[in-house]
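Enquirer: These are the residues of each chain, in order.
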Amino acid sequence: MSLRLRVNMIKCTGHGLCAELMPEFIGLDPWGYPIVPRADVPEDLADLAPRAVSDCPTLALLLDRGDRD
Amino acid sequence: MTLATLGEQEYPPDDATPATWSSAGQPRLPEHAAPLPRLLAGLAEGRSRSAGLEAHERRFGPLPLPEDAWVDATGWNLGESGRHRRGRRSRAHQARSARRAATRLIDVAERSGLTGRGGAGFPTGRKLRSVAEGSGPTVVVANGAEGEPASRKDRVLLTRAPHLVLDGITLAAFAVGATRAYLAVHDELRLVAGLEATIAARSVAGIDPVPIEVVGIEPRYTASEQTSIVQYLNGGPALPTFTPPRTHERGVAGRPTAVNNVETLAHLALIARYGDRWFRQAGLPASPGTALVTVSGDVAFPAVYEIELGTPVGDAVNRAGGPTERPRAVLMGGYFGTWLPAGLAWPAPMSHPGLREVGAAMGAGILIVLGESSCGLAETARVLRYLADEGAGQCGPCIFGLPALADAMAELAFGGDPTAARRVAGLVRLVEGRGACRHPDGAASLASSAISAFAPDVRWHAGRGACHGVRRPPVLPVPSDLEYW
Amino acid sequence: MKALLHGPDLWYLTRAAGLVTLVLLTASMVLGLLNAGRFATRRWPRFLVQGMHRNLSLLALAFLTVHIGTTVIDTYTSISVGNAILPFSSPYKRFWLGLGAIASDLLIVIVVSSLVRQRIGHRLWRVIHWAAYACWPVAVVHGLGTGTDHGKIWVVALTYTCIGAVVMAGTYRAVKLLPDRGLAR
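Chains as they are written, first to last, in this note's numbering: chain A, 1 to 69; chain B, 1001 to 1485; chain C, 2001 to 2185.
Quick caveat, the hints were computed from the structure, so don't treat them as lab data. By construction, the Cβ of each residue, glycine as well, lies at the ideal position given by its N, Cα and C atoms. One thing to keep in mind: the hints can contain errors.
Stated by the list, open to error - So the derived label-pair ranges between C-beta atoms look like this:
no., chain 1, residue 1, chain 2, residue 2, range
1, B, A1455, A, L28, 27 to 35 Å
2, C, L2177, B, W1346, 51 to 59 Å
3, A, D40, C, A2134, 38 to 46 Å
I would like the entire structure built from these sequences, with the hints used as guidance.
Expert: Shown next as structure tokens:
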């Protein structure tokens, strides 16, 4: 099962909790906004992804679970 | 004329010379030139008047809709509208007939290979089919809210050939079973009033079963985007929204909505009359038909021209009278587009796949020629500043990144900062794909293509600062706020 | 057993639980205000401030349950469960207890809405959460009015320390967010 994270940039106001929780995967640009790769979330971070989604202060982070691309 | 005779109507003989503002230079069209113009054929009537309904029907014939088509709250029906009450042909039967006929129209649209003329180039038949298959009543939106400052083709169609656009809207509504239709245009009094009068004249003649509502949109760059218009129609601001859901799934009032550029719908109006084989007589097998292009910049006769898809860029420029000085580069696809060095651009075929191959994009058919006495970096810096100001202001990377990008390009063009080029490249990577809409992507593509197309200038500027090209009057139009009012 | 239910022990438990609830609620309020002001240090990243805020709120709710439960069970005063939920319905100290009922009702709504936050969406959740600005002061006033310990200096000092902490945190929040709402830095 592949996990993909997507961010709704309209809702995002750059709190940065997601980058704090998963710094190996999500980076921050110079203005505090997350850089979320389009790749699958690595296995060892898989349990952090749902937490990042629920902890986002503006609920801007979305999790897609899929078997296909 | 009903859909049963689809494609059998003969195209009127091409007695008109290529419309309007033609050129001092000899246009060099491809050998197998099919009759041109098509969309702009009605313009032979006169440049200052739009073709009235009579003239339109004389040239192209009446709207090819089945005569017994009618619409109620749940959708389209074929059959005498009173009949179902007497049970002779039930409502459900009439609705099914309409669906079958609509499917035939969509088949023709798919076979024709018509693709969207608003910039994305998505196959129109496929879009109509996916909306038609959506559940419940659907909506058609015609997008004539041309946000690109360097584009005029939609305006030309709306003012000079509105009946083709309106025919297309009605046909699209029939195809997807829409009960509501909107035409989004710039909120200019004369434009809106003129279109409403045209629609009223058609309504008196009983042409359009679904009333078409004209909606004025502020002429801002991001307001003309598909999701912006849908959000505006839903009572919100004219700003892009996050997708999914896509508009063909959930759009106006939550219904499946087909949003098409007005030029695409005008082509549909002709395809419904003359058929898919006729449409494919122009253009290339992979990119059939004709398209309207706005040629501007350092050319003798900047205007809107109709070309066959696949026409080399140089030929299109020559149709516009040719360049007024030795060309340096061409901006393909508008401010969302890419710079190509003139040598690379000239033979490139104007079509989506053709331009992709040389690293550019067709966009909404915009072609701006830059002569060698201008500075491409300065022009790009000005446009980037405009794009930064024109952002929707919703996403952080765009709010902060685009002004930074514009600053860096300006420092490269006017200030001679040797690190500026590297900063531009870094910022391009930072803003690309990081907004809710494609606005930052367009700016990124413009900036990065400028760096590569004007690479010698980048090296010169980095050492010495501004060249004397920057003092030349601007070639790329950037509207000041005064123009909005 | 009857002596336990009637004697002063349960009353001590009620007051103790009430004070602990006040402290926890204050701590949660302070962390909530810091979080809203985007407070973060290396030792206290945002997810920690937010996580502690959440956990302390749940703990406050737990102690509130003890506080209310012991009050209801206590036979010395005839306060029913209904009195604890419906404000100003109790025969004993109607007004001050009523404030307590209001504060606890608000806290329950706030906590429940936060637990189902992803279902109700950000906008609705945020509107409900503003009730915290009412919940905490009402709880403090309830404590000052109902409490039989306002003679004791340490209780008074504790209460005013809590008030001071929230006032400082509130000022931080107001100052931090006034000029650039919604932007990252």
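Enquirer: Can you list which hints this structure breaks, lowest number first?
Expert: Checked against the structure, no hint fails, so every one of them is satisfied.
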